[in-house]
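Those sequence lines, one after another, are chains A and B. Once you know that position 52 of the first sequence is 51 in numbering that gives the first Met the number 0, the rest is easy, because the numbers rise by one and skip nothing. Once you know that position 129 of the second sequence is 128 in numbering that gives the first Met the number 0, the rest is easy, because the numbers rise by one and skip nothing.
Since the hints were made in silico from the structure, they are not lab data. Beta carbons are placed, not taken as given, at the ideal position from N, Cα and C, and that holds for glycine.
So these bits of chain B aren't anywhere near chain A, every CB distance computed over 10 angstroms:
| no. | residue |
| --- | --- |
| 1 | 61 |
| 2 | 94 |
| 3 | 101 |
| 4 | 110 |
| 5 | 118 |
| 6 | 131 |
| 7 | 133 |
Computed Cβ-Cβ distance ranges for the label pairs, DEER-style:
| no. | chain 1 | residue 1 | chain 2 | residue 2 | range |
| --- | --- | --- | --- | --- | --- |
| 8 | A | 93 | B | 108 | 51 to 61 angstroms |
| 9 | B | 73 | A | 116 | 45 to 55 angstroms |
| 10 | B | 121 | A | 133 | 43 to 53 angstroms |
| 11 | A | 111 | B | 107 | 54 to 64 angstroms |
| 12 | A | 106 | B | 110 | 58 to 68 angstroms |
| 13 | A | 133 | B | 101 | 23 to 33 angstroms |
| 14 | A | 134 | B | 66 | 40 to 50 angstroms |
| 15 | A | 134 | B | 118 | 48 to 58 angstroms |
| 16 | A | 114 | B | 116 | 52 to 62 angstroms |
| 17 | A | 15 | B | 118 | 39 to 49 angstroms |
Protein chains: 2
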Amino acid sequence: MMFDKMSRKGSAEERDLVHKLWDKNFAAMRTPSSGGATKKPLPDVLAGNGKIYIAIEVKTTTRNKFYVDSHQIDGLYEFCDIFGAIPYIGVKFKYIKWIFLSPEKIERTRSDNYRVEKSTALIDGLELDEILGLDKQLRF
Amino acid sequence: MMFDKMSRKGSAEERDLVHKLWDKNFAAMRTPSSGGATKKPLPDVLAGNGKIYIAIEVKTTTRNKFYVDSHQIDGLYEFCDIFGAIPYIGVKFKYIKWIFLSPEKIERTRSDNYRVEKSTALIDGLELDEILGLDKQLRF
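Chain A extracted, bound-state conformation (with noise of 0.2 angstroms):
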């Protein structure tokens, strides 16, 4: 029950993703969550305008810090790298827009999976503009 209920909150999150990514003239999915006919993965959502592709993977929290398995990272490397995408992590922390980091920027743990801070995300992270090259922000 507990899983459902996040996993329907994930999925508002994900839609208001696809029609922010509409709103800025790129087309964008959510992909199907059995995978789309394929065991490979793939991300949760994916976006394209002609000339930027992108892959997300989302995740949404009330918690300061959480962590993402380094095989689901690994997944959306290597669908991005097939299909020619730019890979994220989208993190939509409760009451702040959305954050976008390179999964390389990620700290890693002692485990090799990836840790995500807050605070740290507020200042590494871009914007939805920046990541979809519509915006540079400016940084001292």
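Given the coordinates of chain A, assemble chain B onto it according to the supplied hints.
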């Protein structure tokens, strides 16, 4: 019931196509039938290899002729224009391997829908390797 049966059949063929695409080193997926969190038009199958991106509307039939509604093709074009993909109708006639048709080359009816005849599709259609840029079929 009849519709469900046809629907499942189509799904099986779509899965087959997705597997064939991965075998050709394209990352591919069936798109979610619910529209993937968007009411925007989505193709049945989407694939890419970093150079070529293709969006396929899948039709499976036991007949020698079938029609495709113009609105469906309009939707395919719309998706492809935004996402950056080449549109195809992927046709699986029973007992015959996959054939791919560019919508623009398909005959139109007087009501502006698309009419696909097996006899002409076998001549005008492209094979999977051709649309993936892996092969050029000689035509005299």
